[in-house]
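There are 2 protein chains.
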Amino acid sequence: MPRRRVSMGAYTDYSPALMTDMYEYTMLDACLKDGTADRKCVFEVFTRHLPEGRRYGVVAGTGRILDALEHFHLSEGDLKFLSDRKVVSPETIKWLENFRFSGTIKGYREGEMFFPNSPILQVEGTFGECTLLETLILSVLNYDSAVASAASRMVSAAKDRPCMDMGGRRTNEWAAVAAARAAVVGGFKGTANLLAAQIYGLKAIGTAAHCFTLVHDDERQAFRSQIAALGENTTLLVDTYNIEEAVKTAVEVAGPQLGGVRIDSGDLASLAQRVRNQLDALGATNTKITVTNDLDEYALAALQTAPVDSYGVGTMLVTGSGAPTCAMVYKLTEREGADGVMTPVAKKSKNKATVPGRKLAFRSYEYNLADCEHIISGSEKALAAYQPNPEWKNLLVDYVDHGTIDPQYQGHDAIMAAHEYRAKALAELPITAQSLMKGEPVIPTETTVL
Amino acid sequence: MPRRRVSMGAYTDYSPALMTDMYEYTMLDACLKDGTADRKCVFEVFTRHLPEGRRYGVVAGTGRILDALEHFHLSEGDLKFLSDRKVVSPETIKWLENFRFSGTIKGYREGEMFFPNSPILQVEGTFGECTLLETLILSVLNYDSAVASAASRMVSAAKDRPCMDMGGRRTNEWAAVAAARAAVVGGFKGTANLLAAQIYGLKAIGTAAHCFTLVHDDERQAFRSQIAALGENTTLLVDTYNIEEAVKTAVEVAGPQLGGVRIDSGDLASLAQRVRNQLDALGATNTKITVTNDLDEYALAALQTAPVDSYGVGTMLVTGSGAPTCAMVYKLTEREGADGVMTPVAKKSKNKATVPGRKLAFRSYEYNLADCEHIISGSEKALAAYQPNPEWKNLLVDYVDHGTIDPQYQGHDAIMAAHEYRAKALAELPITAQSLMKGEPVIPTETTVL
Chain A
1 MPRRRVSMGA
11 YTDYSPALMT
21 DMYEYTMLDA
31 CLKDGTADRK
41 CVFEVFTRHL
51 PEGRRYGVVA
61 GTGRILDALE
71 HFHLSEGDLK
81 FLSDRKVVSP
91 ETIKWLENFR
101 FSGTIKGYRE
111 GEMFFPNSPI
121 LQVEGTFGEC
131 TLLETLILSV
141 LNYDSAVASA
151 ASRMVSAAKD
161 RPCMDMGGRR
171 TNEWAAVAAA
181 RAAVVGGFKG
191 TANLLAAQIY
201 GLKAIGTAAH
211 CFTLVHDDER
221 QAFRSQIAAL
231 GENTTLLVDT
241 YNIEEAVKTA
251 VEVAGPQLGG
261 VRIDSGDLAS
271 LAQRVRNQLD
281 ALGATNTKIT
291 VTNDLDEYAL
301 AALQTAPVDS
311 YGVGTMLVTG
321 SGAPTCAMVY
331 KLTEREGADG
341 VMTPVAKKSK
351 NKATVPGRKL
361 AFRSYEYNLA
371 DCEHIISGSE
381 KALAAYQPNP
391 EWKNLLVDYV
401 DHGTIDPQYQ
411 GHDAIMAAHE
421 YRAKALAELP
431 ITAQSLMKGE
441 PVIPTETTVL
Chain B
1 MPRRRVSMGA
11 YTDYSPALMT
21 DMYEYTMLDA
31 CLKDGTADRK
41 CVFEVFTRHL
51 PEGRRYGVVA
61 GTGRILDALE
71 HFHLSEGDLK
81 FLSDRKVVSP
91 ETIKWLENFR
101 FSGTIKGYRE
111 GEMFFPNSPI
121 LQVEGTFGEC
131 TLLETLILSV
141 LNYDSAVASA
151 ASRMVSAAKD
161 RPCMDMGGRR
171 TNEWAAVAAA
181 RAAVVGGFKG
191 TANLLAAQIY
201 GLKAIGTAAH
211 CFTLVHDDER
221 QAFRSQIAAL
231 GENTTLLVDT
241 YNIEEAVKTA
251 VEVAGPQLGG
261 VRIDSGDLAS
271 LAQRVRNQLD
281 ALGATNTKIT
291 VTNDLDEYAL
301 AALQTAPVDS
311 YGVGTMLVTG
321 SGAPTCAMVY
331 KLTEREGADG
341 VMTPVAKKSK
351 NKATVPGRKL
361 AFRSYEYNLA
371 DCEHIISGSE
381 KALAAYQPNP
391 EWKNLLVDYV
401 DHGTIDPQYQ
411 GHDAIMAAHE
421 YRAKALAELP
431 ITAQSLMKGE
441 PVIPTETTVL
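As given, the protein sequences belong to chains A and B, one line each in that order.
At position 391 of the first sequence the residue is numbered 391 (UniProt numbering), and the sequence of numbers has no breaks.
At position 183 of the second sequence the residue is numbered 183 (UniProt numbering), and the sequence of numbers has no breaks.
A portion of the hints provided could be inaccurate.
Because identical chains cannot be distinguished in the list, a pair is counted as satisfied if it fits within a single copy or across any two copies.
With a straight-line Cα cutoff of 25 Å, these simulated DSS-like cross-link-like pairs (lysine-lysine) come out [unchecked claim]:
#1 K288 - K159
#2 K40 - K352
#3 K86 - K189
#4 K350 - K33
#5 K203 - K80
I should point out that these hints are in silico values taken from the structure, not numbers from a laboratory.
Put together the whole structure using the sequences plus the hints.
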């Protein structure tokens, strides 16, 4: 697959610069007036907790943030809108005219595991430029990581059987594209979504719908038509009327070389067993069985002993299997004071207090298995002097250096690298991570304030 | 607000034509080869059940489908992609070159209540053109209606207090735009999302974030700055450090004309009560109190007696408050046979069987309250001869007539009309609809097959 540079068409007419909450612009306006907009700042993205009972999360979406950053500038239409609605003052409009993010971004890799308080993304720049990114960064990371985290659990539950994204119809049409990408980061092997396949170079997969059988005069004609168009290696949908008859017809029409059959209703385990035996008896021993129908990780685990070859997962994938968002937040942790010195800051809101200071993040291992997430916080000076254990894994990579994006984290190759990385990082966690039993995060997070 | 025609920039480079599952195109390919692609068809969108315990759903998104239809044609890039990936044959590429939907669409209004089996959308055209729309139509209706349905419950629970969408950061960045629109259909009064405000002409609202207080040397300077930029009618965030001190500072800085304060943490009801008393004691009797912090319809109901003036709702709005999708499906119900006669069809899949034949839909009333949803199904001829009770409300309106879109259902005015319509339609349901207790749909759906 050739490496594809992504240029989100969505951002051509509507830039991501207005994919934001109004208060980001009104705060910018006030801070430009009083001079604090130029203060150097560090913002960090983290979540206070994983969804109930989850053992780990999987980071996804960072590459999409980089794509969006490339287009994060205001069009004439955007400026006119902000001006007409009096969202900001004319002076701020002027400031926004040539806006480009010129800061630095570090963070966890896509496909990396995360835990409560992991500093998933760290954005450093002036207050003005960092605050404008808040909503967009959170939208991307909260949704994509929710999908990747659910996908990863499903892939574990499916053991070595491939999982395919078929969930586009059950979420917003653009979320569907992001979900397909995040599913692959989370371990899925392909997607039914053509736009995701086009934009990100993903493998596209598909079978047929019940309407295809119904529009034909009978099932035999439908199967004949599909094989004529797609070849005998196609997958025929066999549960429109009567599964046993459909399987018989399918093998009669395609011959024993038939690629596969799909079952989309009923008791999937016992139906798969019956269909497998029937296919074998008909000589179609290499014909694959794929099943679909509101699958989640628990259903996949229950199907482990059934003779199924692959899974199509829809609703529960794109809605994060009960956790459709990650509760990630974007918080100011350090800023320049009136004296020009960088100072750790934190809010003290009840149950929502934050840890002041920028963070370093490492993972330690014992017998090749992760045993702790170490978050080190402190002043710029203290962190510069800090010597981590050399055997720890440094979890922060450099995404953007003073406005320059590292392209290795964008496009198709980055997604496939994240796909591989997830499998490796998951294998390095205690095996309890792969349990579907509800429990605590599989490793503790220790925060050290220097 | 001037009426805005919507031209989704997202569709300029990436047309909605690839926001679809691959099998729609492979089915088209097979059907073009065997001649069934030209068969006249009727597809219908419905859900088999509401989310557990919900009394009704609210339709939203149909106007966005019309926007997408205007752009539903394949660019050269799209055709090249389908060709390079060998998704379809060269003959099908040719057919797709000038593709425009030329069929007819009827359906429920946006803002209308729906129940199990309500035919929310009815798409009539050739098999080829109708099948290509499946995924996109479902993506839009499933997500937008999930948000509008949750919004409607929240608005009921909030009584007359305005609810504002602040959820953009907790869902995909484009889903956020759709969610803001759907929230207004569902009864919300405004959104923090600027792009939604721009595209759909919605009211934009906002306060300030904790980082705004933190970037300043102290809270007093932050409040001064915000008032200098936005005037004393602005809303100050008072829970960064200590709420009581912040309220005192706020009134000192702004004077008793201060527009509002926002509380985002802790026990909102008791804090609102304390803050109200403090504000009144300081003479700021007209200063409003807005609260935020993972609100859902249950939290809003619990706040009914607290002195709160408005609500900012985030996560639970954009994730459908536990039901992030509506389980709507798009099923072939009638098609032309080899003999040219329209014939009702249905699949017989276990637990997923469908009712054959196109549907009419009416709601009947007793003492001005809805008492039944009537779904009438049958052959084209039987339906043409059918005489409904003249007192029933006909639930299907004409959206598209042979490819021509009725513009009254697009843009800002259509959203505001849907907003009004929802309030009226909800008031016509038995009051149990507004209960948050789990239960059955508030009126039964009766299906009659002629």
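Of the hints stated earlier, which fail here?
-> Of the numbered hints, just 4 does not hold.
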